[in-house]
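Enquirer: Full structure from sequences and hints, please.
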Amino acid sequence: MALRFRPVDASFYDLFSEQSQHLVRGAALLAQMLGEGADREAVAKEMRAAEHACDETTHAIVRRVNSTFVTPFDREDIYSLASAIDDVMDEMDEAVDLVLLYGVTVLPPEAASQVEVLQRCADLTTNAMPRLRAMQDLNEYWIEINRLENQGDKSHRRILASLFNGQYEPLEVIKLKDIVESLEGAIDAFETVANIVEQIAVKES
Amino acid sequence: MALRFRPVDASFYDLFSEQSQHLVRGAALLAQMLGEGADREAVAKEMRAAEHACDETTHAIVRRVNSTFVTPFDREDIYSLASAIDDVMDEMDEAVDLVLLYGVTVLPPEAASQVEVLQRCADLTTNAMPRLRAMQDLNEYWIEINRLENQGDKSHRRILASLFNGQYEPLEVIKLKDIVESLEGAIDAFETVANIVEQIAVKES
Amino acid sequence: MALRFRPVDASFYDLFSEQSQHLVRGAALLAQMLGEGADREAVAKEMRAAEHACDETTHAIVRRVNSTFVTPFDREDIYSLASAIDDVMDEMDEAVDLVLLYGVTVLPPEAASQVEVLQRCADLTTNAMPRLRAMQDLNEYWIEINRLENQGDKSHRRILASLFNGQYEPLEVIKLKDIVESLEGAIDAFETVANIVEQIAVKES
Numbered sequence: 001m002a003l004r005f006r007p008v009d010a011s012f013y014d015l016f017s018e019q020s021q022h023l024v025r026g027a028a029l030l031a032q033m034l035g036e037g038a039d040r041e042a043v044a045k046e047m048r049a050a051e052h053a054c055d056e057t058t059h060a061i062v063r064r065v066n067s068t069f070v071t072p073f074d075r076e077d078i079y080s081l082a083s084a085i086d087d088v089m090d091e092m093d094e095a096v097d098l099v100l101l102y103g104v105t106v107l108p109p110e111a112a113s114q115v116e117v118l119q120r121c122a123d124l125t126t127n128a129m130p131r132l133r134a135m136q137d138l139n140e141y142w143i144e145i146n147r148l149e150n151q152g153d154k155s156h157r158r159i160l161a162s163l164f165n166g167q168y169e170p171l172e173v174i175k176l177k178d179i180v181e182s183l184e185g186a187i188d189a190f191e192t193v194a195n196i197v198e199q200i201a202v203k204e205s
Numbered sequence: 001m002a003l004r005f006r007p008v009d010a011s012f013y014d015l016f017s018e019q020s021q022h023l024v025r026g027a028a029l030l031a032q033m034l035g036e037g038a039d040r041e042a043v044a045k046e047m048r049a050a051e052h053a054c055d056e057t058t059h060a061i062v063r064r065v066n067s068t069f070v071t072p073f074d075r076e077d078i079y080s081l082a083s084a085i086d087d088v089m090d091e092m093d094e095a096v097d098l099v100l101l102y103g104v105t106v107l108p109p110e111a112a113s114q115v116e117v118l119q120r121c122a123d124l125t126t127n128a129m130p131r132l133r134a135m136q137d138l139n140e141y142w143i144e145i146n147r148l149e150n151q152g153d154k155s156h157r158r159i160l161a162s163l164f165n166g167q168y169e170p171l172e173v174i175k176l177k178d179i180v181e182s183l184e185g186a187i188d189a190f191e192t193v194a195n196i197v198e199q200i201a202v203k204e205s
Numbered sequence: 001m002a003l004r005f006r007p008v009d010a011s012f013y014d015l016f017s018e019q020s021q022h023l024v025r026g027a028a029l030l031a032q033m034l035g036e037g038a039d040r041e042a043v044a045k046e047m048r049a050a051e052h053a054c055d056e057t058t059h060a061i062v063r064r065v066n067s068t069f070v071t072p073f074d075r076e077d078i079y080s081l082a083s084a085i086d087d088v089m090d091e092m093d094e095a096v097d098l099v100l101l102y103g104v105t106v107l108p109p110e111a112a113s114q115v116e117v118l119q120r121c122a123d124l125t126t127n128a129m130p131r132l133r134a135m136q137d138l139n140e141y142w143i144e145i146n147r148l149e150n151q152g153d154k155s156h157r158r159i160l161a162s163l164f165n166g167q168y169e170p171l172e173v174i175k176l177k178d179i180v181e182s183l184e185g186a187i188d189a190f191e192t193v194a195n196i197v198e199q200i201a202v203k204e205s
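Line by line, the protein sequences give chains A, B and C.
1 is the number of the first residue of the first sequence in full-length UniProt numbering; add one for each residue after it.
1 is the number of the first residue of the second sequence in full-length UniProt numbering; add one for each residue after it.
1 is the number of the first residue of the third sequence in full-length UniProt numbering; add one for each residue after it.
Take the hints with a grain of salt, since some may be wrong.
Said to hold, decoys possible - Simulated pairs of lysine-lysine, BS3-like, Cα-Cα distance not exceeding 27 angstroms:
{"no.": "1", "chain 1": "B", "residue 1": "Lys177", "chain 2": "B", "residue 2": "Lys45"}
{"no.": "2", "chain 1": "A", "residue 1": "Lys154", "chain 2": "C", "residue 2": "Lys45"}
{"no.": "3", "chain 1": "B", "residue 1": "Lys203", "chain 2": "C", "residue 2": "Lys203"}
{"no.": "4", "chain 1": "A", "residue 1": "Lys177", "chain 2": "B", "residue 2": "Lys45"}
{"no.": "5", "chain 1": "A", "residue 1": "Lys177", "chain 2": "A", "residue 2": "Lys45"}
{"no.": "6", "chain 1": "C", "residue 1": "Lys154", "chain 2": "B", "residue 2": "Lys177"}
{"no.": "7", "chain 1": "B", "residue 1": "Lys45", "chain 2": "C", "residue 2": "Lys177"}
{"no.": "8", "chain 1": "C", "residue 1": "Lys177", "chain 2": "B", "residue 2": "Lys177"}
{"no.": "9", "chain 1": "C", "residue 1": "Lys177", "chain 2": "A", "residue 2": "Lys177"}
{"no.": "10", "chain 1": "C", "residue 1": "Lys154", "chain 2": "B", "residue 2": "Lys45"}
{"no.": "11", "chain 1": "C", "residue 1": "Lys177", "chain 2": "C", "residue 2": "Lys45"}
{"no.": "12", "chain 1": "A", "residue 1": "Lys45", "chain 2": "B", "residue 2": "Lys177"}
{"no.": "13", "chain 1": "B", "residue 1": "Lys154", "chain 2": "A", "residue 2": "Lys45"}
{"no.": "14", "chain 1": "B", "residue 1": "Lys154", "chain 2": "B", "residue 2": "Lys177"}
{"no.": "15", "chain 1": "A", "residue 1": "Lys177", "chain 2": "B", "residue 2": "Lys177"}
{"no.": "16", "chain 1": "A", "residue 1": "Lys177", "chain 2": "A", "residue 2": "Lys203"}
{"no.": "17", "chain 1": "C", "residue 1": "Lys45", "chain 2": "A", "residue 2": "Lys177"}
{"no.": "18", "chain 1": "B", "residue 1": "Lys203", "chain 2": "A", "residue 2": "Lys203"}
{"no.": "19", "chain 1": "C", "residue 1": "Lys203", "chain 2": "C", "residue 2": "Lys177"}
{"no.": "20", "chain 1": "C", "residue 1": "Lys154", "chain 2": "A", "residue 2": "Lys203"}
{"no.": "21", "chain 1": "C", "residue 1": "Lys154", "chain 2": "A", "residue 2": "Lys154"}
To be verified - Pulled a few chain C residues facing chain A out of the computed Cβ check, cut under 8 angstroms:
{"no.": "22", "residue": "Asn66"}
{"no.": "23", "residue": "Val70"}
{"no.": "24", "residue": "Leu171"}
Since the hints were made in silico from the structure, they are not lab data.
Note that the Cβ used here is the ideal one computed from N, Cα and C, for glycine as well.
Expert: Dropping the structure here:
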């Protein structure tokens, strides 16, 4: 085993893993919410609980950054990463909330593919977190997230255009646009997480 | 009197107090704007003046950060705090501006409660600024701001849903949605200010 | 010739110049897109190529920041400036993309003045980049950008109000609002670039 030159508080990695697992849960709830026959009130309640749990982990990370003398990587980077993961959760929570709030029952069919992208991003992010420790094998993760974000962006634009194909009333367009934009916002937020991980890895390598 | 180990430029605290007092003024003007029988052109003009005055204070803080050798807390934190306070003002200014621009005369009744939340946030923020000096008794401030932001968020979602209850024409919904979103944006911006104050207090304690 | 006290990698300035030249190209394509008789598919394709080229330069800057020991100014500032320039491009790309996507053929006439503001901002920004080296004569640049942003903001509000003058159907308003907001977003993004340049100049002077 190699010598470590500075003692670090390893549990940051555990906290980031915990935090990103909330994203996996959030993406699964989002898929349920948009599925047929869902008890939408119940799913939205579970989403609020998941969002709250993610908040708690975020605060735990911030507290630890502020009370730890030697951090495994730059303090600001830890803070940025935790905030960025929390932002993903907020976007997914907003999507679920808007579906319930607006009483939307039918989304454009392509919205399902956006949720699949989100689930894939959540899995990739969770799998990447333990690799932060060794700062290795992170390349594939961010290349794949960037690819998914590009794919999601193309789908988003197709969905946006489809809202104006004459099928929806103006009020319905306003509602659906808010919801599909929050899905797109969540995908973008995953890309921001990946960019921060890339920055950290490049700096520490 | 305790010894100070480093000479600091105390007037940063005065500048932050001054800056947040512009927010108190802005929130009062917003309440007037949404009240009955207001001379909306006149109120909007006063709001522009208040927004301009807040900009001036922000620039004064930035100039001082850049020309001061020893700052009372981290340079980036001073800059972040000043920018965040300025962002609140911009959101309130946008709300006032949109009301005038769109010729909206009746807002959803719950919008008044959002403005009350904003007035309360402005008061709390102004009262907290002098306490930055001793970095004491700031807990209550940010807990209360967070509570108000949660309350505002719930109201916001109720207001959003109410826009689609059949009472408003699509064009009216588009206008009202912009306005209530800027109110929500201002409340969120107050929470960002409180989060930065929390960060500073934890770091310096 | 004066002595240099620290060896710096001068090519950062070249990269920033290169990056801002993509903005000049983007603004010209935007003007074409909104002009009469444009082959919109072709212009949008060129815009995607320009946006991609800007991304490449941004990545080149980030890689260089991360691999260079002594940078000409703060690492975070280089990163912020590169990101901010990239954000301008993204906003202009979005505007072009939305015009194509929404099949909009007639924009409010004032939109042309917003594009002129963008072209002027792009020119000013490109001309300012080489002056970063000596950190001189940057005052005029950011004062002029701020003036243009104020002018753009006033036009934006007039355009927004004009969307509700009874001339457009609700669905058309939703589309046009997205497009004019991305133009406004691009102008704001130029102001953010100028603010970062100002910060850097003040710090280094």
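Enquirer: Looking back at the numbered hints, which does the structure fail to meet, lowest number first?
Expert: Result: hints 4, 16, 19, 20, 21 and 23 break, sorted rising.
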